[in-house]
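*Asks:* Below are the chains, spelled out letter by letter.
Protein chains: 2
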Amino acid sequence: MTVGTHYIIDAYLKSDKLIKLADDNFNLFNEYILDKLKKNDMNVINYSIKNFENPPGSFTALYLLSESHLSFHSFPELNYIAIDCFTCGKCNTQNLVNDIMNYLEPIKYLSNKIDRNSNNLIGKQISVI
Amino acid sequence: MTVGTHYIIDAYLKSDKLIKLADDNFNLFNEYILDKLKKNDMNVINYSIKNFENPPGSFTALYLLSESHLSFHSFPELNYIAIDCFTCGKCNTQNLVNDIMNYLEPIKYLSNKIDRNSNNLIGKQISVI
Numbered sequence: 000m001t002v003g004t005h006y007i008i009d010a011y012l013k014s015d016k017l018i019k020l021a022d023d024n025f026n027l028f029n030e031y032i033l034d035k036l037k038k039n040d041m042n043v044i045n046y047s048i049k050n051f052e053n054p055p056g057s058f059t060a061l062y063l064l065s066e067s068h069l070s071f072h073s074f075p076e077l078n079y080i081a082i083d084c085f086t087c088g089k090c091n092t093q094n095l096v097n098d099i100m101n102y103l104e105p106i107k108y109l110s111n112k113i114d115r116n117s118n119n120l121i122g123k124q125i126s127v128i
Numbered sequence: 000m001t002v003g004t005h006y007i008i009d010a011y012l013k014s015d016k017l018i019k020l021a022d023d024n025f026n027l028f029n030e031y032i033l034d035k036l037k038k039n040d041m042n043v044i045n046y047s048i049k050n051f052e053n054p055p056g057s058f059t060a061l062y063l064l065s066e067s068h069l070s071f072h073s074f075p076e077l078n079y080i081a082i083d084c085f086t087c088g089k090c091n092t093q094n095l096v097n098d099i100m101n102y103l104e105p106i107k108y109l110s111n112k113i114d115r116n117s118n119n120l121i122g123k124q125i126s127v128i
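As given, the protein sequences belong to chains D and P, one line each in that order.
With numbering that gives the first Met the number 0 applied, the first sequence has no gaps in its numbers, which climb one by one up to 128 at the end.
With numbering that gives the first Met the number 0 applied, the second sequence has no gaps in its numbers, which climb one by one up to 128 at the end.
Do not take every clue at face value.
Since copy identity is lost for identical chains, a pair holds within one copy or between any two.
Once the Cα atoms are required to be at most 25 Å apart in a straight line, the calculated PhoX-like pairs of lysine-lysine come out as [said to hold, decoys possible]:
| # | residue 1 | residue 2 |
| --- | --- | --- |
| 1 | Lys89 | Lys49 |
| 2 | Lys112 | Lys123 |
| 3 | Lys123 | Lys19 |
| 4 | Lys107 | Lys123 |
| 5 | Lys49 | Lys16 |
| 6 | Lys35 | Lys49 |
These aren't lab readings, by the way, just hints derived from the structure by calculation.
Same shape as in the complex, but just chain D:
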């Protein structure tokens, strides 16, 4: 029995996008994420954001959800952000992923959808350009 859906995403953004996210200490993006989690019926128990000085503009954000977790790790020197969205129950996780992508406007991203507890961690990768 599958317990949840796990989206693993490697996203590549325009050259100044991650620096801009970090410039406001992630606040605007964080507010957007909190709003979209709520909209998609996911309950945030708490969250933690760490802005790193080196390399400038890099950050990690972890959201502990009743339905599992959402994570971001940014690498502005590569215009790259790693995103994981793991949700249990009847969440519309694809909607949340779409909302995140609408904000980040990646040039390209890879996404792999894995069903946890399904005897298959290989999943199915798609590439979106």
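Fit chain P to the given chain D structure using the hints.
*Replies:* What follows is chain P alone, placed relative to chain D:
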């Protein structure tokens, strides 16, 4: 260029193991994890643990690391725990995974090792019984 190693693990434990972990509010396991993260040169910025009432004994634990994150989501009704360990830099992530497995003593687990930012999110699954 790979930015980090992501171990995705679905582990199946003996029938009372997850309930025992939850009975002490995860404290003993948490202390063990914090010790092993330190031993394996990973720096914990903060962590968050949530014990859920329903189903009894279920919990989520998220560790925000300088090197990315570690997460646990337990499903005691299935004797199943989902583990993700995503580390950047030169961490010995396999050692940490071994330490976790030594504590949990799974009957069986599936592990998939993915290199993030490698244009491949399929990884390589292994099954250990």
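*Asks:* Could you figure out if Lys49 and Lys16 sit no more than 25 Å apart (CA to CA) within one copy, between two copies, both or neither?
*Replies:* within (18 Å within a copy, 33 Å between copies)
*Asks:* Between copies, within a copy, both or neither: which fits Lys89 and Lys49 at Cα up to 25 Å?
*Replies:* between (30 Å within a copy, 20 Å between copies)
*Asks:* Between the shortest in-copy and the shortest cross-copy C-alpha distance, which are at most 25 Å for Lys107 and Lys123: within, between, both, or neither?
*Replies:* both (17 Å within a copy, 23 Å between copies)
*Asks:* Have a look at Lys112 and Lys123 and pick one of within, between, both or neither, based on CA distance no larger than 25 Å.
*Replies:* both (6 Å within a copy, 15 Å between copies)
*Asks:* Could you figure out if Lys123 and Lys19 sit no more than 25 Å apart (CA to CA) within one copy, between two copies, both or neither?
*Replies:* Neither way: Lys123 and Lys19 sit 32 Å apart in one copy and 35 Å across, limit 25 Å.
*Asks:* Quick one: Lys35 to Lys49, C-alpha cut-off 25 Å, is that within a copy, between copies, both, or neither?
*Replies:* Both, since 20 Å and 22 Å are each at most 25 Å.
This entry does not satisfy hint 3, going by the numbered hints stated previously; all others are met.
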